[in-house]
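Throw the hints in and build the complete structure from the sequences for me.
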Amino acid sequence: MDYKILKDDENELMVEFNSPDLTIPDLVANTALEDSKVTFAGVYKEHPDVGNPQLVIKTKGEKAAEAFKGALNKIESSIKDMKKQLK
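Each residue of the sequence shown is one higher than the one before, counting from 678 in the numbering used here.
Just so you know, these hints were derived from the structure itself, not from any lab. Where hints are given, some of them may not hold.
Stated by the list, open to error - Here are the simulated BS3-like pairs of lysine-lysine, each with C-alpha atoms no more than 27 angstroms apart in a straight line:
1. K735 x K751
2. K761 x K681
3. K722 x K761
4. K761 x K746
5. K751 x K714
6. K722 x K760
7. K746 x K684
8. K740 x K722
9. K684 x K764
What the hints assert, rightly or not - Distance ranges between label pairs, derived from CB positions:
10. I682 x S755: 16 to 26 angstroms
11. K740 x K764: 16 to 26 angstroms
12. L763 x H724: 19 to 29 angstroms
This one's a predicted model, so the numbers in the text were calculated from it and none came from an experiment. Heads up, the beta-carbon is just placed ideally off N, CA and C, and yes, glycines get one too.
Below, the structure written as structure tokens:
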């Protein structure tokens, strides 16, 4: 899934996904919230039928981009575990 970084500050990251679907951004936000250094993670979409979702992650004590990467890695690991269970 393609995305564009809209804001990358030390403690805040804003990412726009190039798809109207909220599934992946919501999954990333919920996974990021499992990190104790993440103070906020949520998804914003202007209108259900128009525009693309934006993921916002805010942190304290960790670079927000690192929290984003950590959430993606955790999701990837979970999916690999699920695939192993199917074998």
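Hint by hint, here is what the structure shows:
Distance hint between K735 and K751 is fulfilled; the C-alpha atoms sit about 18 angstroms from each other, no more than 27 angstroms. Of the pairs offered as hints, the one joining K761 and K681 is violated, with about 32 angstroms between alpha carbons and a cut-off of 27 angstroms exceeded. Under the criterion of a C-alpha separation no larger than 27 angstroms, the hint pairing K722 with K761 is inconsistent with the structure, at around 35 angstroms. The straight-line distance between the Cα atoms of K761 and K746 is roughly 23 angstroms, inside the 27 angstroms bound, and the hint therefore holds.
Distance check on the hinted pair: K751 and K714 sit about 15 angstroms apart at the alpha-carbon level, within 27 angstroms; holds. Between the alpha carbons of K722 and K760 the distance comes to roughly 31 angstroms, so the proposed pair goes past 27 angstroms and is violated. Restraint check for K746 and K684: the C-alpha separation of about 15 angstroms stays at or below 27 angstroms, so the hint holds. The hinted pair formed by K740 and K722 meets the criterion: a straight-line CA distance of about 24 angstroms does not exceed 27 angstroms.
Restraint check for K684 and K764: the C-alpha separation of about 41 angstroms exceeds 27 angstroms, so the hint is violated. For the pair I682 and S755, the supplied restraint of 16 to 26 angstroms holds, since their beta-carbon distance comes to about 24 angstroms. For the pair K740 and K764, the supplied restraint of 16 to 26 angstroms is violated, since their beta-carbon distance comes to about 37 angstroms. The hinted range of 19 to 29 angstroms is not satisfied by L763 and H724, whose Cβ atoms lie roughly 38 angstroms apart.
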